[in-house]
Amino acid sequence: MELTGAQIVVECLKKEGVQYVFGIPGGCMLPIFDVLYDSPLQVVLNRHEQGSSHMADAYSRASGKVGVCMATSGPGATNLITGLASAYLDSSPMIAITAQVRTGAIGSDAFQEADAIGCTRSVTKHNYLVKDVCDLKRVIQESFYIATTGRPGPVHIDIPVDVLKAKTEFEWTEKINIRSYKPIAKPPIEQIKKAADLIKKAKKPLLYVGGGAILSGAGPVLNEFVNKTGIPVVWTLMANGAVPFDNPLNFGPLGMHGKYVSNMAVQKCDLLISCGARFDDRVTGNVSKFALNSKKIHFDIDPASIDKIIKVDAPVLGDLKMALEELMDLVPKGKLSSWQKELEELDKKHPLQFDLKDSKFVKPQYVIQKLHEITKGEAVVVTGVGQHQMFAMQYYPCKYPRQFVTSGGLGTMGYGFPAALGAKLAQADKNKPVICIEGDGSFQMTMSEMATAMRENIKVVVIVLNNYYLGMVRQWQEMFYQERYSGTALTAPSGNANKGQEADPGQIPYVPDFTKLAQAYGAKGIRVTKNEDVESALKDALKSDVLTVLEVIIDPKEKVFPMIPAGAGLDEIIVDMA
Amino acid sequence: MSSTDDRHTISCLVENKAGVLARVAGLFSARGFNIDSLAVGTTENSEISRMTIVVCGGEEVLDQVRKQLDKLIDVVKVSDYRDVSHVERDLALIKVKTDKKNRSELMQICDIFRTKIIDVSPQSVIVEATGDEGKIEAFLELLEPFGVLEMSRTGVVAIARGEKILSVRES
Ligand SMILES: Cc1ncc(C[n+]2csc(CCOP(=O)(O)OP(=O)(O)O)c2C)c(N)n1
Ligand SMILES: [Mg+2]
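Chains A and B are the protein sequences, given in the same order.
To convert, note that position 67 of the first sequence is 67 in the numbering used here; the numbers rise steadily by one, no gaps.
To convert, note that position 165 of the second sequence is 165 in the numbering used here; the numbers rise steadily by one, no gaps.
If the Cβ cut is set under 8 Å, some of the chain A residues that face chain B in the computed set are: (1) 117; (2) 121; (3) 122; (4) 126; (5) 146; (6) 178; (7) 179; (8) 180; (9) 181; (10) 303; (11) 307; (12) 308.
Okay, derived cross-link-like pairs now, DSSO-like style, lysine-lysine, Cα gap no bigger than 27 Å in a straight line: (13) A:194 x B:71; (14) A:530 x A:360; (15) B:67 x A:182; (16) A:543 x A:530; (17) B:67 x A:194; (18) A:193 x A:335; (19) A:131 x A:14; (20) A:296 x A:194; (21) A:175 x B:77; (22) B:77 x A:182; (23) A:165 x B:17; (24) A:557 x A:370; (25) A:186 x B:67; (26) A:530 x A:557; (27) A:296 x B:71; (28) B:17 x A:182; (29) B:71 x A:186; (30) B:135 x B:95; (31) A:131 x B:17; (32) B:71 x A:311; (33) B:71 x A:308; (34) B:67 x A:289; (35) A:311 x B:67; (36) B:67 x A:296; (37) B:71 x A:175; (38) A:295 x B:67; (39) A:308 x B:77.
Derived by calculation from the structure, the hints in this document are not laboratory data.
Quick caveat, the model's predicted, so the values are computed rather than measured.
For every residue, glycine included, the Cβ atom is placed at its ideal position computed from N, Cα and C.
With the hints as extra help, turn the sequences into a complete structure.
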C-alpha cells in the first residue's frame, strides 16, 4: 500500500502499541496532525511542548511502555529539549518526533528552522534526521528498539515536511537489525559466580539499589533475593518502590537527604552491592571517603558506568533481573541478624523526625506522612524538584516499582505537574490516585498544563507545599551563604532596597493565589494553614472528581534534614541544625 | 597509575553516515576528553569509515573514551593499541622559508629524514613529511631555524601489524 510519510508515522506508532501522543502542532507538523485527526491515537494537546515531553517521559516511567511526544519545527523542537535531557539522565525510554522545514530549505535560515538534531544530540540516546520517506519506517522501528533496549533512553526523530508529504510503499515487518547496536542482556555466568563468592564471604553486605532496578523490572526478584539472603537494602531517589517499604530489611533512601541509617550502612558495610545504580554524586558525597570498608559488586547494563566513578571488585554486565535470577541459586539462605540489628539500632538513634508541636505553620513532613497513611503507601507519587521532593522521598516510601516518578538526574523544576498527568494516563486502574507533590516554584514553571488536565479530564491531586521560596536554594543560602537570600523569595518584594526583608506568609499575600488560580481553570482549590486541617483536606482532595490543587502554607525556614553537605563524606551527615 | 599526559591511539569503525563525525566530536567536548588529533577516512568497505583518535590521559581515561564511543549507536567497533604491535603515520605538508643561500642545507636535512620537497618557489619550498609523530616533531625542530611559514597535518592514522584485523565482520 502506498502511504504518505505522515501516514507511515501514525501507522508505525499504532503498530508499536502507542495510545497517546502528547504535543502541539504547527506549520511543518500539519501533515501528521491531519492524519492523527481520524486515527485511534489520542492526541493530548499541551500548553507548552516542555509539558508534552515530561508527560511522555512520565508515561514511560509509570507504565514501562514508550511515551511519544510531538512538536513542530524550530521553537516547538527547542521547547522539547529540557524534557529530553530529563529523560536522558534518568534513562527513560521516550520518543520525540519533530517536524522540520522542507529538505531543500534546510540550512537556509528558513522560517521556524532550527538545527533540531544538532540541538538534541547530546541529550538523547540517539537521533535521526529522515531525509527520505523510504527510510521512515525503519527509523521509527529502530527508535523504539533503541529507546527500550540496553540502558533505555530518549530517541528523537526529525522529519522534514516534504518527507511527511512524500509517498512510498508501506509494509509492516518486525525485523530489526542494527549492526552497530547490539545491547547486552544476559550477564556472563563467570561474573555472577564471582559476585556470589563475594556475597558468601561477606559479613555485612548491603544492597544499594538504583533506578536500573525499576527499569529492568527486577523489583519482585530483588525482593525475593532480599528475603532469601537477609541482606539489608538502601535505595536511591530513583529506586523508591523497587523493594516494598514495609520489608523490614528496607532501610530507606541514602544520599544527600537520605536517612542516617542508610548512609551509615554504606560506610560500615564490608560488601556494597550496587544494583542498577551509578554512584551519582548526590549519593556518594565525597568519592574518596565513600564506602571505604567494603568490596564492591556493580550490576549495570551500561558498560560505561562500570569503574566510571568508583573502582569495583566484581562488575556484572547485563540485565539486573536476569542476573539476580541466576544469582539467587548461587547464594545461601542467610540470616544476618546481628548486622540487621546493628542497623536497626542506628535507625532508632536517628530516625526521620519532625516536631509538630511548636510550629505555627503546617509541617510538610506531616502532610506527606498523613498522605502515606491515608493512601496506604500505594498512591502514585510524582514530584517537582526541591525540598518538597526530598520530603516526598523521605515520607512516601513506596510499595511498588514505577509508583514514584521524579526528575532525579537532571533535577528539572517544572517536571512534576505534567509528569503527574502523564503518569495518570499510564494507570491501568483509572481510580488509582496520582498525587503530585509540588513546590510553589516548581509548579509555577509548568502550571499552564492545568488547562490540559481540565480539557482532557485528567484527574490528579496537586499538593503545593508553599513556602514562599525557592526553598532548597534558600536552605543552602541559610546554611552556606550567610543567610543572604539572593533571588529566592518568590513573593517578598525583591531588589536591593529590601535586602534582609524576608517573605512572611502571615503578612503578605502570595502571588498568585493558587486556589483561585485553580478555580479559574475550573479545578478545585483548597488551602490549608493548620496541621489540624491536613487530614480532612487530604481526604477531600482525594475524593474530588476534578483536578484539585491543595495548597499548604508551610514555614519558609523549614529545612530538609538529614543533609550531607556537598563534598562531605556520608558519615559527616548533619542530622539537624541543633 | 599512568600519568595524565599519556597519549593513546584509538581506532574506531563507524557507519559512513551524515552526522557521525559530529557525534564523535560532540562526545569528546561533552565529556571533557582531551584529543590530540582525529583523522577520518573511508575503508575497504564503502559503508564504513575509520576514525583514528589520539587522546591524552591515563588508562582510566582511555577506558572511558572507549566505552563512551562504543555507546554511540553508529559506532561499530572500537579498539586501541595497548600492547599491540602496530604502525602509526602522520602526514605533514610544511611550507619552509628558504632561498638560494640555504636551500641545499635544507635539502640535506630532508634527505636524512627521507621527506620530499614537492614544490619550490623563490622564497620557500613545500616539504611532504610522513612518519610517526616523533619523527615529524624531530624534523620540525630542525626546520625551525629556516622559518616554518605554514603547516597542515593529517593527524595520526594507525593499523596493527600482522594477523590482527579490525573490520566489521565478526572476528
Ligand atoms: C529548571 C530549574 N531551574 C533551577 C533549578 C535550581 N533549583 C533547585 S531546587 C530549586 C527551588 C525549588 O523551589 P520550589 O519548587 O518552591 O521547591 P522547594 O524547595 O521550595 O520545596 C531551584 C531553583 C532547578 N532545579 N531546575
Ligand atoms: Mg518553595
